[in-house]
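Novice: Listed below, chain by chain, are the residues.
Protein chains: 2
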Amino acid sequence: MNQFAERFEGITGSAIREIFKLLADPEIISFAGGNPSPECFPKEALADIAKQALLENGDWILQYGPTKGYAPLIDEIIGMMAAEGVTVNVPNVIILSGSSQGLEMMAKTFINKGDVIMVESPTFLGAIQTFKTYEAELVPVKTDDGGILLEDLEKQIKTHKPKFLYVIPNFQNPSGVTLAGDRRQKLVQICAEHGVLVLEDDPYGALRYSGQALPSLKSYDTNDTVIRLMSFSKIISPGIRVGAAVGGAEAIAKFELCKQGMDVHTPILSQVLVYEFLKSGQLPAHIEKIKANYKAKKDLMLKLINETFPKGVTVAPCEGGLFLWLTLPAGIDALDVFKTAVERKVAFVPGTHFFAEGGHENTMRLNFSMVSEDKIRKGMAALAGVIKEAL
Amino acid sequence: MNQFAERFEGITGSAIREIFKLLADPEIISFAGGNPSPECFPKEALADIAKQALLENGDWILQYGPTKGYAPLIDEIIGMMAAEGVTVNVPNVIILSGSSQGLEMMAKTFINKGDVIMVESPTFLGAIQTFKTYEAELVPVKTDDGGILLEDLEKQIKTHKPKFLYVIPNFQNPSGVTLAGDRRQKLVQICAEHGVLVLEDDPYGALRYSGQALPSLKSYDTNDTVIRLMSFSKIISPGIRVGAAVGGAEAIAKFELCKQGMDVHTPILSQVLVYEFLKSGQLPAHIEKIKANYKAKKDLMLKLINETFPKGVTVAPCEGGLFLWLTLPAGIDALDVFKTAVERKVAFVPGTHFFAEGGHENTMRLNFSMVSEDKIRKGMAALAGVIKEAL
Numbered sequence: 085m086n087q088f089a090e091r092f093e094g095i096t097g098s099a100i101r102e103i104f105k106l107l108a109d110p111e112i113i114s115f116a117g118g119n120p121s122p123e124c125f126p127k128e129a130l131a132d133i134a135k136q137a138l139l140e141n142g143d144w145i146l147q148y149g150p151t152k153g154y155a156p157l158i159d160e161i162i163g164m165m166a167a168e169g170v171t172v173n174v175p176n177v178i179i180l181s182g183s184s185q186g187l188e189m190m191a192k193t194f195i196n197k198g199d200v201i202m203v204e205s206p207t208f209l210g211a212i213q214t215f216k217t218y219e220a221e222l223v224p225v226k227t228d229d230g231g232i233l234l235e236d237l238e239k240q241i242k243t244h245k246p247k248f249l250y251v252i253p254n255f256q257n258p259s260g261v262t263l264a265g266d267r268r269q270k271l272v273q274i275c276a277e278h279g280v281l282v283l284e285d286d287p288y289g290a291l292r293y294s295g296q297a298l299p300s301l302k303s304y305d306t307n308d309t310v311i312r313l314m315s316f317s318k319i320i321s322p323g324i325r326v327g328a329a330v331g332g333a334e335a336i337a338k339f340e341l342c343k344q345g346m347d348v349h350t351p352i353l354s355q356v357l358v359y360e361f362l363k364s365g366q367l368p369a370h371i372e373k374i375k376a377n378y379k380a381k382k383d384l385m386l387k388l389i390n391e392t393f394p395k396g397v398t399v400a401p402c403e404g405g406l407f408l409w410l411t412l413p414a415g416i417d418a419l420d421v422f423k424t425a426v427e428r429k430v431a432f433v434p435g436t437h438f439f440a441e442g443g444h445e446n447t448m449r450l451n452f453s454m455v456s457e458d459k460i461r462k463g464m465a466a467l468a469g470v471i472k473e474a475l
Numbered sequence: 085m086n087q088f089a090e091r092f093e094g095i096t097g098s099a100i101r102e103i104f105k106l107l108a109d110p111e112i113i114s115f116a117g118g119n120p121s122p123e124c125f126p127k128e129a130l131a132d133i134a135k136q137a138l139l140e141n142g143d144w145i146l147q148y149g150p151t152k153g154y155a156p157l158i159d160e161i162i163g164m165m166a167a168e169g170v171t172v173n174v175p176n177v178i179i180l181s182g183s184s185q186g187l188e189m190m191a192k193t194f195i196n197k198g199d200v201i202m203v204e205s206p207t208f209l210g211a212i213q214t215f216k217t218y219e220a221e222l223v224p225v226k227t228d229d230g231g232i233l234l235e236d237l238e239k240q241i242k243t244h245k246p247k248f249l250y251v252i253p254n255f256q257n258p259s260g261v262t263l264a265g266d267r268r269q270k271l272v273q274i275c276a277e278h279g280v281l282v283l284e285d286d287p288y289g290a291l292r293y294s295g296q297a298l299p300s301l302k303s304y305d306t307n308d309t310v311i312r313l314m315s316f317s318k319i320i321s322p323g324i325r326v327g328a329a330v331g332g333a334e335a336i337a338k339f340e341l342c343k344q345g346m347d348v349h350t351p352i353l354s355q356v357l358v359y360e361f362l363k364s365g366q367l368p369a370h371i372e373k374i375k376a377n378y379k380a381k382k383d384l385m386l387k388l389i390n391e392t393f394p395k396g397v398t399v400a401p402c403e404g405g406l407f408l409w410l411t412l413p414a415g416i417d418a419l420d421v422f423k424t425a426v427e428r429k430v431a432f433v434p435g436t437h438f439f440a441e442g443g444h445e446n447t448m449r450l451n452f453s454m455v456s457e458d459k460i461r462k463g464m465a466a467l468a469g470v471i472k473e474a475l
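So the protein lines, in turn, are chains D and E.
Okay, so the first sequence: first residue is 85 according to my numbering, each after it adds one.
Okay, so the second sequence: first residue is 85 according to my numbering, each after it adds one.
No wet-lab data here; the hints were simulated from the structure.
Treat the numbers as computed from the prediction; the structure is a model and nothing was measured.
Where hints are given, some of them may not hold.
Here's a subset of chain D near chain E, in silico, CB distances under 8 Å, partners left out [what the hints assert, rightly or not]:
no., residue
1, Gln185
2, Leu298
3, Arg325
Where a beta carbon is used, it is the ideal one built from N, C-alpha and C, also for glycine.
In isolation and in its complexed conformation, chain D is listed as follows:
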């Protein structure tokens, strides 16, 4: 009866889903997720905004709204872009139900079956899955501790003639690394020269714990090469599902057409919560609070790795975000480490899942935002033991 579309062939998603099923066990200390910490949600502020907004403006907050988004929030996004040195106008912006909706829209807008999308190696697992449902060919681009290697980028472009490059420039998921400052303008130039679009996904950029903030890829864009995705999930709340895309007017108009089917519009209450929180002026102090919380956890995790993990385990440089990326000595399979770790009530994500091309079995991703410092101590001690035994 159910003759499913061909787009699902080769999509399993089961490995990572199995991991997340394990997390239902309350005894598990999980470094596997990518969630922000609930300590960092502005609950009281949003509760007050929600009640007041519904009482005063329920007539339009509860009504159908424009697909493109709540106009005052669009203006706020334009202002945030201006602060980054990027001049855009209303036709360049659309509000999304989380920035990951932008991945779906980008694929739907540009991908015909068999088209090529370039992704970082490794990259965000959700992106791999979403792009595959549009029957795209994924071509990985090599990276090092400074992100995408431009020589390989140019080589892959010439070989595969991709439609776009998907890149997370700041504190990448899963690797935690940041695209080097001296690669950013060149990356945009290379893509522009070859007519390859760039999808710049930046959910973590505001969460920098050390080093200097770098210009966005969009800030180097001169001809609508870059579509930038912004997210409020890591700085306000993921549960309300609000992000935005900023790009060329033609592409954004297609995104709007896509969004009519996907959800008609992002819930207006969600958009009003973000807008009013921004307007209240509380966001900068709130971000500082989040950063202090996560930086302490990250520093602790890193210290424990350096002090207690076997020599030969390396950590990718990480100046912000939610993740540390570990490479184990060659020959150790993180899937084996994972199995033993879960028996000892500690979880993480084996790194192989983040590679479109597979392989890299000796890598692993650790999340530090969701776990208390106590649990980080306990979990990392157990993990150190498991890795030592595996050696």
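With the hints as your guide, set chain E onto chain D.
Specialist: Using the frame of chain D, we list chain E on its own:
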């Protein structure tokens, strides 16, 4: 630069969008929309629920949630289905960001380029557009005042071997008609026999102003032929974007996979608003209030058509929902009527836009839910004049 995907070829959507631009003029009396009336939003109740929920449960309401939806709301949907005589379980239900998200998921789950989807003639404009973005062939099935004609359904199935039939059985958009009780079981049987799925979209079913409620198509389903879409947009609020799909477990699992890309999950606050409003027991009385409001407007509009419109204008039978469907005498083009009407500050939607196959230029859709009785009197007087002149 922008090499858009082929899926957008032939999608314009411009005619209807032009209409909605006109509605920005506050002097226009619009019978063009399909919105519920803001008088019918439970603002105070939702404001209280939102504040209390965020204060008490902000930790998980503001966090990422399950793609499938908020478990207690899924249980409520299972209960609502049981009240319709349909036994389903958790694997059969997914919460959507509005029921129209189900159209996108249905297409993504089942449609390969060139596959056939059968739609009512006429049908919901948004469905036509969404299905076209999956490069489906749309085949219209003939209808009369009792909805789909089963002989034509069977004929079209045999000729075109469609993947699924899209049908709005109650107070259809745009025609207002209801699928006759004695056609329902047979429709499901015919589709089941031929391995054709049925997408039953029922956003208006609770808004019946006269006649007897009829069993859902899903209630006649014995082998996962029917996927039923439910919506809270017309009975609580469209702006919060909450609906649900109920169907076979395999299909719902694919919907869940699709939803991961589309928006990860429906905002939890939206789901909690619906759940708590349902649990408060206020919905039945609230629906009665909405029905009283809309029935008075519908009766008034119908009375004015009968009393003041030229002979030869017919109205399709309508026992609920938001729309009246008019057929003008042959030879009168509702697009011409529309142009003159807008000059006189009255708008509606010319019916031709709702036909996948085009034509039917002498039809028009009137919405009665959004306009006050005073404005209905004024607008219908102007419209009567325009139609008389066109004769």
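Novice: For each hint, tell me whether it holds in the structure or not.
Specialist: Hint by hint, here is what the structure shows:
Interface hint at Gln185 of chain D: satisfied, since its Cβ lies 5 Å from the closest Cβ of chain E, which is below the 8 Å cut-off. A hinted interface residue such as Leu298 of chain D counts as satisfied when its beta carbon comes closer than 8 Å to some beta carbon of chain E; here the least separation is about 25 Å, so the hint is violated. At about 5 Å, the closest approach between the beta carbon of Arg325 of chain D and any beta carbon in chain E falls short of 8 Å, and the interface hint on this residue holds.
Figure legend: structure checked against the earlier numbered hints; the only hint not met is number 2.
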